[in-house]
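Asker: Read off the chains here:
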Amino acid sequence: MAKKYYQPEIETMPVEQLKALQSERLVKQVKHVWDNVPYYRAKMEEKGVTPDDIKGIEDLHKLPFVTKDDLREAYPYGLLAAPLKDCVRIHSTSGTTGKRVVAFYTQNDIDLWDDCCARALTAVGADEEDVVHVSYGYGLFTGGLGLHGGAHKAGCMTIPASSGNTDRQIQFMTDLGSTILCCTPSYAAYLAESIEERGVKDEIKLKAGIFGAEAWTEEMRRDIENKLGIKAYDIYGLTELSGPGVSFECEEQTGMHINEDHFIAEIINPETGEVLPEGEKGELVFTSITKEAFPLLRYRTKDLCILSRKPCSCGRTHIKMRKPMGRSDDMLIIRGVNVFPSQIETVLLNEGMTPNYQIIVDRKNNTDTFDINVEMSQEMFSDNLAEVTAKEKQLVASLKAMLGIQAKVHLVAPKSITRSEGKAVRVIDKRKLYD
Amino acid sequence: MAVKQISVFVENKSGGLADITKALSDANVNIRALSLSEATDFGVLRLIVDDVFAAGNALKESGHIYNITDVLAVAGEDKPGSITKIFTVLAEAGMSLEYAYAFFAKSQEKAIMIIKVADRLAAKKVLKEAGIPLVKEEEIAKL
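Listed in order, the protein sequences are those of chains A and B. Here my numbering is used: the first residue of the first sequence is 2, the next is one more, and so on. Here my numbering is used: the first residue of the second sequence is 2, the next is one more, and so on.
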């Protein structure tokens with residue numbers, strides 16, 4: 002019988018006790034940061050706050066926010082809170098939205114991060130009997146080593162497959178009987194397609210998957226679950242905070258439990274910075290209260306989200322976050338309209354198409370052009386051109402209904418859109434508005 | 002007495018067609034007839050080949066999207082008016098064509114018309130009654 006929780010005493014801790022633990026750790030963390038990071042001290046002094054003002058989580062709102070711009074400004078060592086000799090590793094963000102950010106880890110930071118990932122794996126049923134197949138990229142990206150460490154802690158046999166080489170991935174899956182797959186949702190969808198093509202679905206023993214590091218929709222979840230015959234779970238994290246495992250889904254699949262003994266979550270109004278009550282939609286802000294090397298106080302994630310402390314049937318007491326409704330970084334403004342790539346994915350899957358698409362935005366004669374390349378699928382094809390163009394028109398209409406603006410759809414050859422086997426390149430913005 | 006036609010999705014980019022025909026020639030498939038209809042960004046390439054099975058496998062392996070449709074192959078004399086006769090017979094029976102294309106079969110000294118109609122069996126019946134010969138799948142392979 003698989004264990005239900007990796008750390009039951011923490012994961013099911015009564016909320017009041019959990020909040021007391023957070024308060025105690027927050028007070029300590031603020032002092033640690035004040036003493037060791039001049040950059041933070043200057044920010045706090047500017048706001049007129051000292052560690053004495055922070056007596057518990059109720060005082061959290063007094064602290065200044067930290068943004069990605071601060072991280073870039075302080076690059077590389079400006080936010081380091083532990084002596085470099087105590088650090089054992091760095092990770093770095095993928096740099097999709099600008100200059101790289103580097104995060105540092107002490108051995109203790111790594112241990113606690115691995116615990117978070119072990120909780121996520123245990124929540125989807127992983128134990129000593131399982132073979133965890135990690136197809137996240139290993140390296141600077143936190144996905145691979147994060148789930149890898151978690152799988153070790155959970156006692157699973159770990160296949161450090163990393164990304165790429167789909168043939169070898171499938172071979173290991175069949176030969177070694179992988180039971181739990183960890184990768185990005187776009188790579189999971191790609192693997193599902195490839196498994197179907199090779200006709201080896203019967204030889205696959207997967208029962209669950211943990212998919213994160215990209216925004217994905219409920220439609221995509223159902224698609225992956227059906228194609229692979231598994232349960233697909235979401236996981237959330239940011240390199241700035243540690244990596245995957247800041248929060249994770251339990252069997253309920255109705256949101257991700259935030260590991261509150263390590264991270265305090267707040268929802269704020271992104272315009273005013275005002276803290277919003279539980280249940281309201283706003284920007285997600287995290288404070289890491291156990292990190293030694295790279296602690297962040299009130300880090301603005303730009304993820305739009307809702308928190309809920311409604312009791313969960315899994316027994317965990319930690320607050321749940323809904324799947325972020327788009328990272329404000331992912332959002333495109335095209336002809337003045339907000340467009341999230343996830344909306345396009347929803348339409349494609351609803352129309353029975355593959356979720357393989359790429360958005361190309363450009364500006365010609367001061368007007369935004371909006372093109373979507375969609376891979377042709379067997380379901381959409383017919384020997385009758387009129388039937389295909391009718392389906393194409395239907396797709397354009399559904400996209401217009403969802404997005405509010407007209408996109409030009411191009412049907413392209415299957416597999417012609419690059420699958421970066423880590424993260425899918427969904428958007429090519431040629432407008433160069435921000436340079 | 003249907004003939005199997007392979008239709009392939011072609012992306013509108015240079016080399017798109019060569020990609021398909023190369024996959025077929027590599028599999029030693031001979032193309033008997035070909036027709037291309039195109040929209041702005043893509044096209045549908047319809048083919049009559051000597052070996053449908055081998056062609057399907059070759060297209061699948063090279064990652065193309067295709068389907069196989071039953072169409073009628075009608076033989077006409079290689080002389081003016083023979084194609085008009087085919088169209089007239091179908092029109093008089095109230096049948097409209099979805100598409101059609103023709104090729105010349107050297108060995109038989111005949112023009113062969115490939116036609117797609119909604120009701121294939123009904124079309125077959127009226128053509129037969131009008132004395133217009135249909136070509137079988139096996140004959141196409143042997144051309």
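Calculated from the structure, these hints are not laboratory results. A few of these clues could be false.
[What the hints assert, rightly or not] Using C-beta positions, here's what the derived DEER-type ranges look like:
(1) B:Thr41 - A:Ala3: 48 to 56 Å
(2) B:Phe88 - A:Arg169: 52 to 60 Å
(3) A:Asn339 - B:Gly64: 31 to 39 Å
(4) B:Asp79 - A:Glu220: 50 to 58 Å
(5) A:Asn227 - B:Asp52: 40 to 48 Å
(6) A:Ala398 - B:Ala103: 49 to 57 Å
[What the hints assert, rightly or not] Simulated crosslink set (DSBU-like; lysine-lysine; CA at most 35 Å straight-line):
(7) A:Lys416 - B:Lys61
(8) B:Lys61 - A:Lys392
(9) B:Lys80 - A:Lys228
[What the hints assert, rightly or not] Sample of chain B residues facing chain A (criterion: CB under 7 Å; computed from the structure):
(10) Asp42
(11) Val45
(12) Gly64
(13) Glu93
(14) Met96
(15) Ser97
(16) Glu99
(17) Phe105
Backbone N, C-alpha and C define an ideal beta-carbon position, used for all residues, glycine too.
Asker: Next step is simple, just say for each hint if it's right about the structure.
Answerer: How the hints compare with the structure:
Separated by about 54 Å at the C-beta atoms, Thr41 of chain B and Ala3 of chain A satisfy the suggested range of 48 to 56 Å. The hinted window of 52 to 60 Å between Phe88 of chain B and Arg169 of chain A holds, with their beta carbons roughly 56 Å apart. At roughly 35 Å, the beta-carbon separation of Asn339 of chain A and Gly64 of chain B lies within the given 31 to 39 Å, and the hint holds. Distance hint check for Asp79 of chain B and Glu220 of chain A: the Cβ-Cβ separation is about 55 Å, which falls inside the suggested range of 50 to 58 Å.
Our hint of 40 to 48 Å for Asn227 of chain A and Asp52 of chain B is violated, since their Cβ atoms are close to 35 Å apart. For the hinted restraint 49 to 57 Å between Ala398 of chain A and Ala103 of chain B, the CB-CB distance of approximately 37 Å leaves it violated. Distance restraint check for Lys416 of chain A and Lys61 of chain B: the Cα-Cα separation of roughly 13 Å lies within the 35 Å cut-off, and the hinted pair is therefore satisfied. For the hint linking Lys61 of chain B to Lys392 of chain A, the alpha-carbon distance of about 23 Å falls within 35 Å, and the restraint holds.
Proposed proximity of Lys80 of chain B and Lys228 of chain A is contradicted: the alpha carbons are some 55 Å apart, above 35 Å. Taking 7 Å as the C-beta contact cut-off toward chain A, the hint placing Asp42 of chain B at the interface holds, the least distance being around 5 Å. The interface hint given for Val45 of chain B is met, as the beta carbon of that residue sits about 5 Å from the closest beta carbon of chain A, less than 7 Å. Hint status for Gly64 of chain B: holds, given a least beta-carbon distance of 5 Å to chain A, under 7 Å.
For the restraint placing Glu93 of chain B at the interface with chain A, the shortest Cβ-Cβ distance is roughly 24 Å, beyond the 7 Å limit, so the hint is violated. With 7 Å as the threshold, the beta carbon of Met96 of chain B stays out of range of chain A, its nearest partner Cβ sitting at about 16 Å, so the hint is violated. For Ser97 of chain B, the interface hint is violated, since its Cβ never comes within 7 Å of a Cβ in chain A; the closest pair sits about 13 Å apart. Checking Glu99 of chain B against chain A: minimum C-beta separation of about 6 Å stays under 7 Å; hint holds.
For Phe105 of chain B, the shortest C-beta to C-beta distance to chain A is roughly 23 Å, which exceeds 7 Å, and the interface hint is violated.
The structure does not agree with the numbered hints 5, 6, 9, 13, 14, 15 and 17 stated previously, though it agrees with the rest.
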